[in-house]
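**Q** What follows is each chain in one-letter form.
Number of protein chains: 2
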Amino acid sequence: MRSLSVDLGDRSYPITIAPELIQSDSWVEHIAGRQVCVVTNVTVGPMYLDAVLPRLEGRQVSVVSLPDGEQHKTLEQLGDVFDRLLGDGHNRTTTLIALGGGVVGDMTGFAAACYQRGVAFIQIPTTLLAMVDSSVGGKTGVNHPLGKNMIGAFYQPRCVVIDTNTLASLPQREFAAGLAEVIKYGLIVDKPFYEWLKLNWQALLERDQDVLAEAILRSCENKARVVAEDEREAGRRALLNFGHTFGHAIETATGYGSWLHGEAVAAGMVIAGRLSVELGWIQTQEVDEFANLLAQAGLPLQPPAEMDCQQFMSLMARDKKVVDGSLRLVLLKAIGEAVVSSEASSGAIERALAGCRG
Amino acid sequence: MRSLSVDLGDRSYPITIAPELIQSDSWVEHIAGRQVCVVTNVTVGPMYLDAVLPRLEGRQVSVVSLPDGEQHKTLEQLGDVFDRLLGDGHNRTTTLIALGGGVVGDMTGFAAACYQRGVAFIQIPTTLLAMVDSSVGGKTGVNHPLGKNMIGAFYQPRCVVIDTNTLASLPQREFAAGLAEVIKYGLIVDKPFYEWLKLNWQALLERDQDVLAEAILRSCENKARVVAEDEREAGRRALLNFGHTFGHAIETATGYGSWLHGEAVAAGMVIAGRLSVELGWIQTQEVDEFANLLAQAGLPLQPPAEMDCQQFMSLMARDKKVVDGSLRLVLLKAIGEAVVSSEASSGAIERALAGCRG
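These protein sequences, in sequence, are chains P and X. All the letters of the first sequence, read from the start, carry residue numbers 1 to 358 under the working numbering. All the letters of the second sequence, read from the start, carry residue numbers 1 to 358 under the working numbering.
Be aware that one or more of the hints could be misleading.
To be verified - Here are the computed distance ranges between Cβ atoms for each label pair:
1. P:GLN71 <-> X:PRO67: 28 to 34 Å
2. X:GLY58 <-> P:ARG34: 40 to 46 Å
3. P:TRP196 <-> X:SER342: 52 to 58 Å
4. P:ARG34 <-> X:SER314: 18 to 24 Å
Said to hold, decoys possible - Just a sample of chain P residues kept apart from chain X, beta carbon distances all over 12 Å, derived:
5. VAL142
6. HIS144
7. ASN200
8. TRP201
9. ASP208
10. ASP319
In short, the hints are calculated from the structure, not lab data. Note that beta-carbon positions come from the ideal geometry of N, C-alpha and C, so glycine has one too.
Excised from the complex, chain P in its bound form (with noise of 0.2 Å):
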């Protein structure tokens, strides 16, 4: 078994990854009283409830199963949680369990945080996406229709429960997202686990167990160490959402839902790059190998061809990391130095735009 820890002070925990961890009694304990209330959706649920709910005999158990899909990230179905913890008389030490992915973890983190002004919660991520990035670190929240994750909370769980088996049976298209997010780990802090990922890309993209359990390690890892170091993203966090700020302009053009998030996210990473080579600081042909990377894994490199620079600039103007109409980018030194940035012109987005599609 692999395991970390988020070092948060008093709200610190463990991520643990290994095979059959949802069958084990390992989480139980970071259960805080007699209630208990599973949260996952229409896909997740019938794959796992019967796994976890034998974990959870003698407790009051309620379960919530919300329609799968970054669509329904809103306060409307947040809604539907409230409805079930209060009409089953859930109160302030009762439990919430994120059974799926990103989704799940999101908005039921955001309905711990927000119950009774804060209950305890558990993160059994089941995408490569969420185990990698959105389980870990306390972002939650949902979507409005004016802009992704606008609404939410930081707020941390009690431990993060990894197991590996559940990827065996995830889409391709959901993996392939997923790894988006471990080759920005390597882009933004880690050269050395850049290189790595290219040495192993093949053995990745075959869900090798043992390759795909220490890429998940070391990007939990390198996420929990920016974490801890900026836990509310008053600086070094925002370099987590390398390519992000591109790719949920992306996410909001086309309706959350027809991209996935790490689709995103690799068009917006690509992007990025174009546009830190515009800037003289990285060489096309970096740009060309990660994108090469992703397109091994079946990734997107372009943006939808019906999204202009007008369009994307509208969009970013509303993106969170903007502070008093300045547009703040994360973009690449070098391979595994990230930076936030206001130097790329608005004609430099344009010609990196324009670069992707060329």
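Position chain X against the provided structure of chain P, taking the given hints into account.
**A** Just chain X, lined up with the frame of chain P:
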């Protein structure tokens, strides 16, 4: 000018109390950036926006006017605030200003806690209840049809601006509702203040400016002290809920808005007082004495005739202070000394309720 500080480490903030504070520039320094969104309601807005808006000249200002009343303190209504913030392009450096009573303050604070995972906010309470209670201490949130304040966050404002002039126009019923919370501080933790209140009750009822400012200061000092000791209500902060468990049940049973919060708390304190007599902790005359003060203010001393003990018990079972099934009530060991107790039997609660009706 009277002032005090709520000591919460890097989330500490000042409370200032004086006439004509709204018109002063004293609070403007607490605004985080270029953008401001004033959240008020249809009653309070027309009275004070003319005083607030000139202070915000040169900034990008949005105004959201909510419907008036506790029945509108909902997740749905909160969506309107997010719609406006996003529609007007407010970013992470925006500041929300709560201009109004407890409902406006609770909703604005919760909106600030959730918008982009947390932005700055300022409390400008315009009712006595909001001044002495809800604007201080960082409890924010909305109601659910199945329980009051069930969805929310602990989130502290940048400052609390108490302009005592706003009390001159406060309807008598709302003024009285605030007095219920004022007297509560004396009963639970500050016997000298309770003695002072008995001496100054008539002047307070006549809204003597100086007596009023002193009562607000001492109420806020008591609340600030308790909150500083126990921000997230792990222990001592629960004492502030004296009368509230019964009061919330009354509010839920009658539908939010027909009883004012302070009115429900007044009746709830009398029930909790009689229950403390049942346990042999205080004397009947002591309850009669503070009930008499409440009656002089025009506050109700009895729960609604249609509520029986069974209904109280079933509504209170959903209270946030319930821990794994055991009902914990705030009761009086003595005047000025409240405790959290699970000692009251349902028989004793029934007798206390009957005593209120007697």
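**Q** Honestly, which of those hints from before does the structure not fit?
**A** Numbers 2, 5, 6, 10, in rising order.
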